[in-house]
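Peer 1: Starting from the structure of chain A, add chain B where the hints point.
Next come the chains, spelled out residue by residue.
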Amino acid sequence: MSVNERSFQRLLRWYPRRWRRDHGRILLSTLLDAAEHDGRETPTGAERIAAAVHGTAARLGRRFAVVASAIAVLCAVAGGVLWVLASGITGWTLTALTGVSAVSAALALLAALRTRGLIGDGCTLIAAVAGVVALVLNSLTAVSWILGFDEADAGIPVTGIAALWLPLAIGAWIAGAIAIGIIVDGVFRGTRLQPVPRIALSALVGVISAPLSGLTLFAPYGSAIAAMGVSVIAVLPQKRGATAIPAPRPVERQVMERSPGSHAGTRRRLLSTACLLAWIATAAGILGVVYAFTGSQWSAGATDTTVAMGQGMTILFLSAVPLIAAIGLVLTARPRHVGRLHIWGPLTLFVAALGGLFFWYIDGASSGDVTPAFFVGTAAFGAGIGWWIIPRVRLPRTSARMLGAFAGLIVAASGLLFAVIMLSFAVPILAFIVAIRSLPGRAIPAAPPSVTDATADA
Amino acid sequence: MSATLSPPSFWILTALVGARRHGYEILSETTHASAGRMSLKVTTLYSALERLEREGLIAADGDEIVNGRARRYYVLTDHGTAALTAQVDALEADARIARARLAAARQSFAFGAARFA
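Heads up: the protein sequence lines correspond to chains A and B, in order.
Mapping of the first sequence onto this note's numbering: residues 73 to 530, in sequence order.
Mapping of the second sequence onto this note's numbering: residues 92 to 208, in sequence order.
Same shape as in the complex, but just chain A:
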């Protein structure tokens, strides 16, 4: 029985051209080998489905993440600029620009997570569909709200899409929860969590964070800052320990890694401290959220809901400090591509930015005045973003410095620090994820020494 090669070649059409050029012949040969071994002429149904999933997901690569991030940033900035410059801009135009920005940011995030191996191909596609559905329903909810508000204001009965606000919002919530749940489940798969608690936790995080994510992505510059973060994740170096050796690891190295005070021991201590800090941030973050929404009912210091919201926000800013420290420790514990200065330097600037927000909220946020503390925070945030990017992008040094400087300037000039205010509601969720991910485990692969370490050792 001869193999029908053409039918196997057709499977490659699912893949992007660049992937076919690099891997197509290799995949085809292996498919033909497997078919010959099984005595088949054509691909199996399972092979067709797997090729469709893998090939479609292969299109959501690093390049896609960068392009989609750029579209998200441009749409968000265009919406913001139009809003300021052209006072006659309609809610529809802004909703469309914000919607495109949010969808692009979400797809860019999925592509970046997939590229970094945090979620699989099938999960990426399901989350992409659910995420796009959620964001489209979110946009329609906004349109429904605008129309309903206008009709109610004019004293006419609310009909058509304007009357569908609640079902649209619930649909967006459910689809968003599915998308986020799938992503969180994919991230937790690399931990020691058992399937049942892992899925339950992922579902819980999805249900809680879906409306918060919707608010964040549809806030002015919310999707822009998310997309910028995604573009940075997408271009970060990701290969670890790429030295190929077919032989087993030398015995001397095993002894070194198990001895007290070794790299593995230090990493475990760093992760334990990070875990503790992340739990502190989770508890403080939950307190901040609860205070922001209910403080006016029970706190003597909160005279009304606005004051309670402001005080809750300051608690959230403070709770982000141990979270940032925990992230710094986790990054320090991982195999390093950059020095500790380039981890802790930007993180210190982010803490300074939170400090600026903290003092702004105490001094002038309620009156709407922009105080020097806010300017300092904005400058620190821009500088932190620029510093974070420069040592990590895989570009020639000059290009990396330009990219970092431009990104820092854009962040500082466009007041993207405002987006951090909305993102601060995500502190307890992020802290919880960091706490779970940094739980001290027994199976920590040894890190190859960095270039700096190797030089120092020599």
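It is possible that part of the hints are untrue.
No farther apart than 20 angstroms at their CA atoms in a straight line, the calculated lysine to aspartate or glutamate pairs in the EDC-like style are these [claimed, not checked]:
no.: 1; chain 1: B; residue 1: 132; chain 2: A; residue 2: 119
no.: 2; chain 1: B; residue 1: 132; chain 2: A; residue 2: 77
no.: 3; chain 1: B; residue 1: 132; chain 2: A; residue 2: 110
no.: 4; chain 1: B; residue 1: 132; chain 2: B; residue 2: 116
no.: 5; chain 1: B; residue 1: 132; chain 2: A; residue 2: 113
no.: 6; chain 1: B; residue 1: 132; chain 2: B; residue 2: 120
no.: 7; chain 1: B; residue 1: 132; chain 2: B; residue 2: 144
no.: 8; chain 1: B; residue 1: 132; chain 2: A; residue 2: 108
A few chain B residues that face chain A, going by a derived Cβ cut-off under 7 angstroms, partial list only [stated by the list, open to error]:
no.: 9; residue: 114
no.: 10; residue: 128
no.: 11; residue: 132
no.: 12; residue: 146
no.: 13; residue: 161
no.: 14; residue: 197
Chain A regions said to be covered by chain B (calculated; three or more residues, Cβ under 8 angstroms) [as the list claims (entries may be wrong)]:
no.: 15; region: 93 to 106
no.: 16; region: 355 to 364
Rather than coming from a laboratory, the hints here were simulated on the basis of the structure.
Think of the CB as a built atom: it goes at the ideal place given N, C-alpha and C, for glycine as much as any other residue.
Peer 2: Just chain B, lined up with the frame of chain A:
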């Protein structure tokens, strides 16, 4: 971070221990070594190989044309060896605990049976 290997990754790394193999060899070896419990599809294999290569656990080791068909060979990296070793240590530790508890349960059952005999 307590990362663990998924079953396909575990068996792919196991197939590459001490040997340089191409895609179809890895498929055959994983099926053989796992006694048929792990049977990967070709596209799933390449998805996993891409991910493992990105994570630095394996590395491509050259393309060759054999009998008119293109082969790409893969080898285990030192980081892949370390990850597999850590996973095996963890599995052995789990197995030791389970075995000890089973033995203790058997002993107490035998003791109880002897008392009632």
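Peer 1: Taking each numbered hint in turn, which are not upheld by the structure, reported in ascending numerical order?
Peer 2: Going through the list in order, the structure violates hints 10, 14 and 16 and respects the others.
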